Each structure stands twice: as C-alpha cells, then as structure tokens.
Amino acid sequence: MIETRRLSKSYGAVAALREVTFMAAPGRVTGFLGLNGSGKTTTLRLLLGLSRPTSGEARINGRRYHQLRRPLREVGAVLEQGVAHPGLTGRGHLRTQAPLAGASDARVKQVLEYVGLADAARTRTGEYSLGMRQRLAVATALLGEPPVLILDEPANGLDPAGVAWLRGLLRSHAEAGGTVLLSSHLLGELELLVDDVVIIADGEVRLAAPLAELAGEPRLRVRGGDPRLLWEAFGRAGAALEVAEDGATLLVAGMTPEQAGDIALAVQVPIYELTVETVSLEEVFFELAGAR
Amino acid sequence: MIAVLRSELNRTLMIRASWVSIAATIALGLTFGVYSADFWTLFAGIGAFGLAVLTTGQHYQHRTAMLLMLGEPRRWRLLIGQCVAAAVVATVTTALSGLTVADEPAQWRLTVALTPIVAVLGVAVATVVRRPTWAMAGTVGWLLIAEGLLGKLRAPLPFSAYLNAASSEGDSKQLLIFVAWTAVALVAAGAMIRRDMVSH
Chain D
1 MIETRRLSKS
11 YGAVAALREV
21 TFMAAPGRVT
31 GFLGLNGSGK
41 TTTLRLLLGL
51 SRPTSGEARI
61 NGRRYHQLRR
71 PLREVGAVLE
81 QGVAHPGLTG
91 RGHLRTQAPL
101 AGASDARVKQ
111 VLEYVGLADA
121 ARTRTGEYSL
131 GMRQRLAVAT
141 ALLGEPPVLI
151 LDEPANGLDP
161 AGVAWLRGLL
171 RSHAEAGGTV
181 LLSSHLLGEL
191 ELLVDDVVII
201 ADGEVRLAAP
211 LAELAGEPRL
221 RVRGGDPRLL
231 WEAFGRAGAA
241 LEVAEDGATL
251 LVAGMTPEQA
261 GDIALAVQVP
271 IYELTVETVS
281 LEEVFFELAG
291 AR
Chain Y
293 MIAVLRSELN
303 RTLMIRASWV
313 SIAATIALGL
323 TFGVYSADFW
333 TLFAGIGAFG
343 LAVLTTGQHY
353 QHRTAMLLML
363 GEPRRWRLLI
373 GQCVAAAVVA
383 TVTTALSGLT
393 VADEPAQWRL
403 TVALTPIVAV
413 LGVAVATVVR
423 RPTWAMAGTV
433 GWLLIAEGLL
443 GKLRAPLPFS
453 AYLNAASSEG
463 DSKQLLIFVA
473 WTAVALVAAG
483 AMIRRDMVSH
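Here the protein sequences come in this chain order: D and Y. Under my numbering, the first sequence has 1 at position 1, and the numbering climbs by one with no breaks. Each number in my numbering corresponds to the 1-based position in the second sequence with 292 added.
There's no promise every hint is true.
Claimed, not checked - Covered stretches of chain D, as calculated for chain Y (at least 3 residues, CB under 8 angstroms):
#: 1; segment: 38 to 52
#: 2; segment: 70 to 78
#: 3; segment: 86 to 97
Since the hints were made in silico from the structure, they are not lab data. These numbers come from a predicted model, not from an experiment. Where a beta carbon is used, it is the ideal one built from N, C-alpha and C, also for glycine.
Just chain D, same shape as in the assembly:
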C-alpha cells in the first residue's frame, strides 16, 4: 500500500507539489499521469525518501521510507535511466546491490535471466543500449523480491516487445498481490495496464479514480437513412440523444447496440454506422491536465 497525504514540496518560492493526496492499493496497478514538470517525479522521490517534503507525508506499507527496516525487501524502484557505474558489468552492478537488498548470487542470476539480460551479464553497462539499461533498472528493483514497485517512466527506451514484456511483468506482480505505482506518458500503454489512475497537473492531483469509472457509460454513434425518424424512435424508447457535429449522426446514451438496431429495423430506417463510443484515458487526461 502506497499513500500520500497532503504532500507538499517547495523549492524556494516555487511550489512543486501542493497537498498531493492519493493511494495505490495492493493487487492493483496505479498509473500516475502528468505532463513534464507536473510533479510526478518529485512525488515519487518524496515517497522513496530521496527528497524531504515541505509538509505532509508519504507512506509505504504504513511507514515512511526511512522507517522501513529492510527497504529493498519492501520496495523496488526504477528511477531515471541507466543508473549504474559504466565500468561495471550488468552482473557486477547487481552484485553491488545484492548486499543492500539482502539478495544472494543465485538471485542475481535469476533476475538477469528474468529481465532477459543473461547473455549480456558480463558486458559493461556503459555499452548497454537504453532498453538494456532500463531492463537492468527493473532487475535492480526486483532484486529484493519487494511487494511494492514504484516506477518512473519504466517503458522509456524499451522496444515494443520490451513494453509488452514489462506490461506482463507488472500485471502479474499486481495479480500476485503486489502494489504497482508507475508514471508514464504513454497513455495508450497505460490504458491497457492500469486499474487506477492518478492525474497530476501543476503539482496538484486533478483526479484519482479507478480506470473503469473514467470511461463512464458508453454511448452509441448512429448514422442512418432518416435521422429525424430515428431521433423520434430512440426518444420514444427513453434514450438520451444528441446530434453530432456533422448534423446527421445521432449520439445515443442509455441503449445497447442491439436495442438501437432493433428499433431502426422496426421503423424501417437503414443504418450506415453503429459504433460504441467510450471516453479514452487520453481525452480525460488532456482535459484534466489542461494540455492539447
């Protein structure tokens, strides 16, 4: 469980975060969304004890990060890209982290295989590609087998196969009861992965809700031979109606596609288009984050 309560951070007169409050629950993947400079990374750093809040608090499993007895056994973090000494091999890097995470050499070997770096284990990290460095960062986070994962833009640098691999990894971590909090700007990817969404803009949380709630009730987009007749028929059936920008397509709420099709058939109006529309995460994000 990750929890922030009225978390604020100022740098001099500049307020980077203002009373940020949200929660990331076990068994769920929480997406932390915001534009560059919105306060995502600052929040994650405060959670991980790398920066000190001006006020408020951040807790992981009920305790502040510095109060965790064996932090790397409880929290795995991916922050920044390629944080490793370039002169160390991938295996060497993990072996320097292993004592801190209470991990054995066998575990080092295991995570290298798990993230797909077994063949590059003896290559210096300075020669790693961006994607390989990101995989190494994930391996570092997983070393202590922590139930909580905090990841800042973990898909950066990964190829499509890597992104799919990461999605599977995080999904199975949450399904096993783990807590996942990840920030990303890849909204399409997030939409496929997250259960809950926290949107931050200008240092303030604009929305914290389950993804399913954001989509709201789906509505139908219906274009037929006689819009006026369809309007009257759908209206009699109790649907809420609007006309789309083109003036010919109806936006119909409170009705299934089957019901709409049956009604059109009953009034003998041909249907040229019948689609189900849901609100995308991207639309919600841009509306709340105030950017287009």
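Given the coordinates of chain D, work out where chain Y should sit on it, guided by the hints.
Below, chain Y alone, put in the same frame as chain D:
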C-alpha cells in the same frame, strides 16, 4: 551499515578504474618509499584521500548514490558505511605501499594507523562537494597554496597536521588537530548528505 560496507567493497573490487588506482597507488608508494619515508607518508596520505574521494564521489557522478540511499535511507548510517569501506581499502593500500620503508617501522606504523582518518576525511570532502574532480582539484590547490606555500606545512591545517603526526612519533597535539579537522569535515558531511537527491 554492514550491507553498505559489503556493497562498497564489492564495487571497489569490481570496477577496473578503482583497482587500477589502488595498484598504481601501491606501486608509486613503493617507489617513493625507496627514496624517502617522509615523502612516502605524504604520498600515502594523498593516495588514501584520493581513493576515498574517488569511490565516494563517483557515486554522485554516476548517480548511484541514489541506489545506496534507497538501500540505506538512514543517511548517517550510509555515511558511516562509506567511511568504513574507504578506511579498509585505504589502510590495506597504504600498508602495502609502504613495504619499502621497512627501515622506518615507527613511521610506517603511524602512517598506516592514521590512514583510516585520512580516508574518512576524503569521504567527508567528497560527500560535501559531490564531484570527485572538483574535490581533488580543490584539495591539491589547498595543499599547495594554503598548506605548502603559506603554511610551510607547519600551520595547524589538516594535511600538515597529518604529516607532522605521522612523521614525529608521539606528537599528540598534531594528531588532535588532524582528528579535529576530520571531525569538522564529518559533521559537515553528515549535514550535507541529507540534501535532496534531485533529478538529472
């Protein structure tokens, strides 16, 4: 703290630049010791200080300090762990580099005994400055100008006190001055290590 110590020693032994620096320090120390025990003591101090600055400062240079802080969020414990690791590496290096001053056993013993304090001073300076190049360049400048040219290596300044404590057996006053400087640097490091780790 033990975990930090083990992590730091692993790291030192696995990074080629680190063990090449250690090997070079030993080789140069052995060479200087043939000519003068005092010169060896000076070099051993600079070497121990430099190794400590290098190992600590590199963490900030390559951002791996963040990983250490995630592993040991109580930063004073982290600092102590780094000091102990630097002291172990520096002491072994100094002891081996001084094998050619065997005819001056008292000076060898004193120099080796003072090396852990020099290493702690190096860790403290690197923690405050956070950039190994700046820390070393600043220290060399300080050593040459403030302690050498102005103080003639006799003023109550850290490296002068180290040299005099290591060269003059039983000079407890110089030892106290050196320890006091190191304590001041360590207190400053204890305050500075609490600074935020900001993004790149």
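Comparing the hints with the structure gives:
1. With a cut-off of 8 angstroms between beta carbons, the segment 38 to 52 of chain D has 7 residues touching chain Y; three or more are needed, and the interface restraint holds.
2. Counting residues of the segment 70 to 78 of chain D whose C-beta lies closer than 8 angstroms to any C-beta of chain Y gives 4; at least three are required, and the coverage claim holds.
3. Counting residues of the segment 86 to 97 of chain D whose beta carbon lies closer than 8 angstroms to any beta carbon of chain Y gives 8, which meets the minimum of three for the stated coverage.
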